[in-house]
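All chains, full assembly: derive it from the sequences and hints.
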Amino acid sequence: MAIFTPAYTPGVRNVRRRARGRFFGLRLSLAIVITLVMVFPLYWMIMTAVSPRVDLYQSGLHLWPSHWTWDNFTLPIKQFPVWQWFRNSAVITIAVTVITVIANLLAGYAFAKLRFRGRNALFLLLLSTMMIPVQAIMVPQFRLSIDLGLFGNLWAVILPESATVFGIFLARQFFLAVPDELIEAARSDGAGQLRIFVSIVLPLCKPLIAVLTLLTMLSEWNAFAWPLVVLFGNDQLFTLPIGMVTDLQGQYTSNYGALMAMNLLMIAPMVILFVAFQRFFVQGLARSGLK
Amino acid sequence: MPQGTSYKPRRQGAYTHGQTAAASLFLLPNLVLVGLFLLVPLVLAFVISTQKLGSLGSPQYIGIDNFITLFRDTIFWETVWNTAVFTIFTVPVGMVIGLGVALLLNSVLPGRTLYRSIIFLPLVISGVATGVLGSWMFDQYNGFFNKFLHAIGITGPAWQSDGKWAMISLILVTLWQRVGFDMLIYLAGLQGISPDLLEAAKIDGSSAWQRLRHVTVPLLGPSTFFLLIMNIIYSFQVFDTVWALTRGGPDFSTTTVVTYAYREAFDDHGPQQLGYGAAVGVFIYLITLAITVIQWRFSRTRDEAG
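Going down the list, the sequences are from chains L and A. Under my numbering, the residue at position 169 of the first sequence is numbered 169, and the numbers go up by one with no gaps. Under my numbering, the residue at position 256 of the second sequence is numbered 256, and the numbers go up by one with no gaps.
Read the hints as simulated data drawn from the structure, not as lab findings. A portion of the hints provided could be inaccurate.
[Unchecked claim] Simulated DEER-style distance windows between Cβ atoms: (1) I46/L <-> L286/A: 41 to 51 Å; (2) L127/L <-> H214/A: 29 to 39 Å; (3) P207/L <-> L286/A: 32 to 42 Å; (4) P179/L <-> H214/A: 36 to 46 Å; (5) I46/L <-> T74/A: 36 to 46 Å; (6) V275/L <-> Y61/A: 50 to 60 Å; (7) I200/L <-> K52/A: 36 to 46 Å; (8) A158/A <-> L204/L: 55 to 65 Å; (9) W296/A <-> E181/L: 29 to 39 Å; (10) T113/A <-> K206/L: 19 to 29 Å; (11) P179/L <-> L28/A: 45 to 55 Å; (12) H214/A <-> D147/L: 55 to 65 Å.
Just so we're clear, the structure is a prediction, and the values are computed from it rather than from any experiment. Heads up, the beta-carbon is just placed ideally off N, CA and C, and yes, glycines get one too.
Spelled out as structure tokens, the structure:
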């Protein structure tokens with residue numbers, strides 16, 4: 001298989017044909033088949049969500065609904081506080097994103113541009129917390145959230161979920177590329193560190209802020225383990241993923257149309273964000289390895 | 001804040017002092033959050049793991065009894081085995097597929113950015129949504145796979161009641177979700193390989209396979225290492241997909257170690273065996289720490305170069 005194909009070969013008449021390289025037809029069909037395999041489960045989810053229930057239990061494969069229906073959406077929405085869960089997910093996602101992005105930007109700047117004692121040791125300490133899974137600390141975290149009076153409201157999710165360091169490393173790398181001369185010039189004009197940061201450095205770092213914001217939103221909207229631990233028992237506080245596994249999967253054990261409809265509702269915001277800002281997602285995930 | 005002190009380039013000491021004050025303010029929010037919600041719980045996890053603590057009663061110190069129970073707990077070892085099987089089948093297989101797809105979509109093809117986007121898309125879909133979707137597609141009576149197999153004359157396996165097949169369905173669902181990440185990292189790595197090098201190898205008369213084997217793959221080493229670590233950590237810590245797809249069942253056949261920690265310490269009804277759950281948590285932390293240390297030893301240059 002041709003790994004590299006020159007985009008332009010001088011002196012060849014049929015340049016376009018050459019540029020396609022060897023096995024063009026084979027490669028193209030393979031790419032299309034792989035793409036179809038990857039997209040098929042999503043098609044199956046959408047198809048199930050708009051199919052009447054009888055379709056699902058007929059024998060044989062049906063690739064298209066016998067007629068379209070919205071019942072799969074309206075039934076769970078009538079039976080469960082789905083919109084409340086949607087709102088909780090949104091509130092938690094926005095709050096965690098605001099807190100995390102601000103905290104990580106500030107810390108990343110300190111590690112990139114400020115000189116202070118113990119910088120490397122502190123950096124290593126924070127780095128070492130990056131991979132701690134929720135399950136390692138969920139028991140003490142659960143007791144702590146009770147002791148701090150967070151238990152029973154959304155802050156019990158928001159504050160612990162905001163304790164992340166992923167963004168610091170991304171931010172630090174980005175800030176390292178900001179020229180020191182710029183900062184020193186502002187300092188000699190008498191500007192304080194916070195002012196330099198807010199009015200000189202941050203305006204240069206809009207792509208960084210976009211990447212951090214989108215990645216934090218993604219991981220929070222999809223957050224599962226900690227919310228599951230701390231939100232049990234009160235379905236008014238559930239987020240969409242918690243409502244899905246606790247209530248919907250319990251209720252609709254064989255009504256997959258309803259489950260697929262609610263699945264669609266749950267993934268829609270992130271799919272829309274992804275389509276709109278794909279470039280930032282790709283850049284951010286490539287650099288950080290988040291998720 | 002160095003408000004009054006004018007900047008003096010030669011005198012490091014003066015402005016280092018001002019910077020220390022500024023740095024502590026800049027670091028404060030993150031340090032408070034991480035200290036309170038990660039480091040303090042981490043220390044307490046070790047403390048609680050030495051306690052007999054049922055639900056939320058008063059704790060009783062029992063030394064290392066929880067760990068002795070843990071090492072004699074056959075279900076625990078079963079979950080360690082499940083985690084190993086899951087990791088071994090998701091990580092290398094996903095990376096090989098990811099590399100293949102990256103090579104394919106790095107070559108000139110019409111519409112390749114569209115293919116890339118679609119292969120990448122499952123990555124933004126939550127583990128819960130992926131698991132719920134998987135539970136439908138692998139439903140052993142009406143799911144897509146068994147209906148499809150039936151249509152071509154094969155009786156499909158019992159994806160839900162047979163532990164072995166449940167594990168296979170979990171691995172397949174995870175591969176679907178993760179392969180886009182492998183592709184993405186390898187595509188970025190391929191971008192960094194000079195075309196001249198491959199061209200030179202071609203002129204020297206090497207075959208496409210030889211170029212892949214002796215030029216491309218070795219040059220992708222850093223990407224491979226990064227993916228290996230990231231994917232091992234991911235597979236070791238997977239929980240949401242498991243919980244939504246199988247709840248760790250049937251019995252414990254798809255329960256991974258982190259799922260077991262949750263099942264012991266909590267369930268849908270709230271706290272259960274907290275002390276014992278904390279002991280499983282400490283075990284998980286130590287494994288994670290070991291992986292992280294290995295990563296640091298082999299890639300120390302990565303961050304310093306940044």
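Comparing the hints with the structure gives:
1. For the hinted restraint 41 to 51 Å between I46/L and L286/A, the CB-CB distance of approximately 43 Å keeps it satisfied.
2. With their beta carbons about 35 Å apart, L127/L and H214/A fall inside the hinted range of 29 to 39 Å.
3. Between P207/L and L286/A the CB atoms are about 38 Å apart, so this pair conforms to the stated range of 32 to 42 Å.
4. At roughly 41 Å, the beta carbons of P179/L and H214/A sit within the given window of 36 to 46 Å.
5. Checked against the hint of 36 to 46 Å, the pair I46/L and T74/A passes, with Cβ atoms roughly 43 Å apart.
6. With their beta carbons about 55 Å apart, V275/L and Y61/A fall inside the hinted range of 50 to 60 Å.
7. Restraint check, I200/L to K52/A: a C-beta distance of roughly 57 Å breaks the suggested window 36 to 46 Å.
8. The given range of 55 to 65 Å is respected by A158/A and L204/L, whose C-beta atoms sit roughly 58 Å from each other.
9. The hinted window of 29 to 39 Å between W296/A and E181/L holds, with their beta carbons roughly 33 Å apart.
10. A hinted range of 19 to 29 Å for the beta carbons of T113/A and K206/L is consistent with their spacing of about 23 Å.
11. Between P179/L and L28/A the beta carbons are some 26 Å apart, a value that contradicts the proposed interval 45 to 55 Å.
12. The supplied range of 55 to 65 Å is met by H214/A and D147/L, whose beta-carbon atoms lie about 59 Å from each other.
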